[in-house]
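These protein sequences, in sequence, are chains A and B.
For the first sequence, the residue numbers in our numbering are 255 to 544.
For the second sequence, the residue numbers in our numbering are 27 to 306.
Calculated from the structure, these hints are not laboratory results.
Here a beta-carbon is modelled for each residue, glycine too, at the ideal position from N, C-alpha and C.
Among the clues, some could well be false.
[Unchecked claim] Estimated spans, in silico, between C-beta atoms of each pair:
{"no.": "1", "chain 1": "A", "residue 1": "A438", "chain 2": "B", "residue 2": "R133", "range": "31 to 41 Å"}
{"no.": "2", "chain 1": "A", "residue 1": "S304", "chain 2": "B", "residue 2": "S286", "range": "52 to 62 Å"}
{"no.": "3", "chain 1": "B", "residue 1": "E246", "chain 2": "A", "residue 2": "Q346", "range": "26 to 36 Å"}
{"no.": "4", "chain 1": "B", "residue 1": "E117", "chain 2": "A", "residue 2": "Q482", "range": "41 to 51 Å"}
{"no.": "5", "chain 1": "B", "residue 1": "D283", "chain 2": "A", "residue 2": "F405", "range": "27 to 37 Å"}
{"no.": "6", "chain 1": "B", "residue 1": "G196", "chain 2": "A", "residue 2": "T542", "range": "50 to 60 Å"}
{"no.": "7", "chain 1": "B", "residue 1": "L161", "chain 2": "A", "residue 2": "Q473", "range": "50 to 60 Å"}
{"no.": "8", "chain 1": "B", "residue 1": "T111", "chain 2": "A", "residue 2": "T354", "range": "12 to 22 Å"}
{"no.": "9", "chain 1": "A", "residue 1": "Q346", "chain 2": "B", "residue 2": "S286", "range": "31 to 41 Å"}
[Stated by the list, open to error] Here are the computed lysine-lysine pairs in the DSS-like style, where the Cα-Cα straight-line distance is at most 30 Å:
{"no.": "10", "chain 1": "B", "residue 1": "K178", "chain 2": "A", "residue 2": "K272"}
{"no.": "11", "chain 1": "B", "residue 1": "K296", "chain 2": "A", "residue 2": "K272"}
{"no.": "12", "chain 1": "B", "residue 1": "K178", "chain 2": "B", "residue 2": "K198"}
{"no.": "13", "chain 1": "B", "residue 1": "K72", "chain 2": "A", "residue 2": "K272"}
{"no.": "14", "chain 1": "B", "residue 1": "K270", "chain 2": "B", "residue 2": "K296"}
{"no.": "15", "chain 1": "B", "residue 1": "K178", "chain 2": "B", "residue 2": "K110"}
{"no.": "16", "chain 1": "B", "residue 1": "K72", "chain 2": "A", "residue 2": "K441"}
{"no.": "17", "chain 1": "B", "residue 1": "K110", "chain 2": "B", "residue 2": "K198"}
{"no.": "18", "chain 1": "B", "residue 1": "K214", "chain 2": "B", "residue 2": "K270"}
{"no.": "19", "chain 1": "B", "residue 1": "K214", "chain 2": "B", "residue 2": "K240"}
{"no.": "20", "chain 1": "B", "residue 1": "K198", "chain 2": "B", "residue 2": "K270"}
{"no.": "21", "chain 1": "B", "residue 1": "K296", "chain 2": "B", "residue 2": "K240"}
[To be verified] Which residues of chain B face chain A? A partial, calculated answer using Cβ under 7 Å:
{"no.": "22", "residue": "R42"}
{"no.": "23", "residue": "P171"}
{"no.": "24", "residue": "Y174"}
{"no.": "25", "residue": "A176"}
{"no.": "26", "residue": "D181"}
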Amino acid sequence: MPKEKRNSLAQLQAYFIKQLTLRQTESATDQEHLAESDSLTSLLVASHFSPEQLISIYRNNFVISLRELLEQLFPVTQALVGCAYFAQTSRQFIEDCHLTEPHLNHYGGNFVTFLRGLNALEHMPFVAQMAELEWHLDRISHIHYQPNFDFEGLAQIGEDQYMNLHFSLADTCHLQACTMDLIALHKDLSAPQTTNLFPGTGTGTGTGTGTKEANYQQQSYILVLQNQQGESALMPINHQHWVWLTGLRNGLTVAQLCNIGNTDIASLMAQITDWIALGCIDGFSLRTNT
Amino acid sequence: MAYQQHLLTGTGIGLRQPHVEHFMRGTPSIGWLEVHSENYLQENSKRRHQLRHIRNDYAVSCHGIGLSLGSSDPLNLDHIKSLKTLFDDIEPSLISEHLSWSSLDGRFYNDLLPLPYTSEALHYMVNQVNQTQDLLSREILIENPSSYLAFKHADMSEPELLNQLSQRSGCKLLLDLNNIFVSCSNMKTNPYQYLASIHWHQVAEVHLAGHTIKQLPQGEIRIDTHNNPVCDEVWDMVDAYRDKLQHIPCLIEWDADIPSLDVLIAEANKAQQHLGLTNA
């Protein structure tokens, strides 16, 4: 690159970023590194340290800060796959999935999507499922939520109108269907480990010395919610509740929920009352027949 | 929202998550608090709610790291809008950002990257700061960064650029004495010469923090890590400039390996003593 062009602010920044991300790129050859290092020397005031050493300070700040954030957000996922694999995957994520916002508020959600797309985890979908669970546990724990359900308004609704009611799920709720018993797995991996999580598979942190063999191989349905102390919590739900809650999330009315659940309105309304008490349902609306 | 009026004077500390509950339950004895703006952008978050509560008892300043003012990318108007909503909500006494850039072509690097100290960069920063102040309808402060390298084609010093930036854009300066010490140590320049070059009437806030010395084969380099107490050399700088500093709000920054609140308050009280002020 001609010197005068490289020195313009835009060109200099493009060049700096190339240096910052160069060592991350596996395709860069030694010759490329050497050539770039020479160019960098011509740009920087001479010091005791090589240009690469100086650039690496910025690179480390950037990469390490994001890696630490991922470790903080996904401790159980890290325990599940092991520190080495998590570090390698985090690094790959940081390289491949660019941070496109000036803050980190949504960064963890992208990591879940990234894990879901990894070929290496194709036969272990529960890893991305665990990451999804941890992401929503963290997200929900940060929401300021004060249930304010309009009980008086609901009392004004005549029973003949109940079938047309739609109840809305609070933002503090997340529904997740899993191929494994993720709640048990989450609990075991969060606690000091005494269980051989996956006997004979080599998966997991391998720090346990206990003899109890856990069986996580069962379909599960999970409701992540904010409890009365304002903390996020995991609640196992049965298949029928899963169907109803996903129906609510998809905007179905009481009549439609009764139909798909093949149940009577009294049972459904009793369950809805429980969910209102738990803060899972934060409002209602009356749908007109069309 | 109408908050009680509190003056931002003396020494404050950065409000960090492990200490928030102390401020929710009581009013620890400290002059004022600074928050990282980007941690409070979400309007329905607990953090924002907590900050509104704490704001009733303390003057607050908002310190940003995401505006990337020195980037050749256009200003991120969505981010500025979110910040303005936060500032309208919290009514901070001061708002600050950095003499740096952290994004290019829409990708962010979560670090403060170095600018060349050139006339072009100064002109560019003046425009960026002007636009930002107009969009926020507020004056902002610009902080000097920690430097690990310098560009050969620079045609002015960092304090010269800061002085001119403040003069031309009307922004004020946030002078980080630890950053000055770190940069001057790494660049083998004199921090007292730096301090002597600064137009002090443009300085509206001062930061004090700790840093780390990293040993490399060729020698040591100082890294701005904010994970330690303020070092003796920086306290010496405070002592030397006490007459000027005691009229400027001063902050103890501690962002990593965060100690107990008592330790932070003790560090703030130490600053008060160096500044010749009485404790909060």
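Each hint, compared with the structure:
In this structure the hint that A:A438 and B:R133 lie 31 to 41 Å apart at CB holds, the actual value being about 40 Å. Under the hint 52 to 62 Å, the C-beta atoms of A:S304 and B:S286, about 40 Å apart, miss the expected range. Checking the proposed 26 to 36 Å range against B:E246 and A:Q346 shows it holds: the Cβ atoms sit about 32 Å from each other. A hinted range of 41 to 51 Å is violated for the C-beta pair B:E117 and A:Q482, which are about 32 Å apart.
Look at B:D283 against A:F405: about 48 Å separates their beta carbons, and that is not inside 27 to 37 Å. The hinted window of 50 to 60 Å between B:G196 and A:T542 holds, with their beta carbons roughly 57 Å apart. A C-beta distance of roughly 51 Å is found between B:L161 and A:Q473, which places it inside the suggested range of 50 to 60 Å. In this structure the supplied range 12 to 22 Å holds for B:T111 paired with A:T354, their Cβ-Cβ distance being about 20 Å.
Remark: the range hint 31 to 41 Å for A:Q346 to B:S286 is upheld by a beta-carbon distance near 37 Å. This hinted pair checks out: B:K178 and A:K272 have alpha carbons roughly 18 Å apart, not beyond 30 Å. For the proposed pair B:K296 and A:K272, the alpha carbon gap of about 43 Å is over 30 Å, so the pair is violated. A C-alpha spacing of about 27 Å is found between B:K178 and B:K198, which places the hinted pair at or below 30 Å, so the restraint holds.
Between B:K72 and A:K272 the alpha-carbon distance is near 38 Å, which puts this suggested pair outside the 30 Å criterion. Straight-line distance between C-alpha atoms of B:K270 and B:K296 comes to about 17 Å, which keeps the hinted pair within the 30 Å bound. As the CA atoms of B:K178 and B:K110 are separated by approximately 37 Å, the hinted pair breaks the 30 Å bound. For the hint pairing B:K72 with A:K441, the CA-to-CA distance comes to about 25 Å; that is within 30 Å, so the pair holds.
Restraint check: the Cα-Cα separation between B:K110 and B:K198 comes to about 18 Å, which is no more than 30 Å; the hinted pair holds. Pair hint B:K214 plus B:K270 holds up; C-alpha atoms about 25 Å apart against a cutoff of 30 Å. As the CA atoms of B:K214 and B:K240 are separated by approximately 16 Å, the hinted pair is consistent with the 30 Å bound. Taking the CA atoms of B:K198 and B:K270, the gap is about 15 Å. The hint holds against a cut of 30 Å.
For the suggested pair B:K296 and B:K240, the alpha carbons sit about 26 Å apart, so the restraint of at most 30 Å is met. Checking B:R42 against chain A: minimum C-beta separation of about 14 Å lies over 7 Å; hint violated. Interface hint at B:P171: violated, since its Cβ lies 11 Å from the closest Cβ of chain A, which is beyond the 7 Å cut-off. Evaluation of the B:Y174 hint against chain A yields a held restraint, the C-beta minimum of about 5 Å falling below 7 Å.
Against a cut-off of 7 Å between C-beta atoms, the interface hint on B:A176 holds, since the closest Cβ of chain A lies about 4 Å away. The closest approach between the C-beta of B:D181 and any C-beta of chain A is roughly 11 Å, which is over the 7 Å cut-off, so the hint fails.
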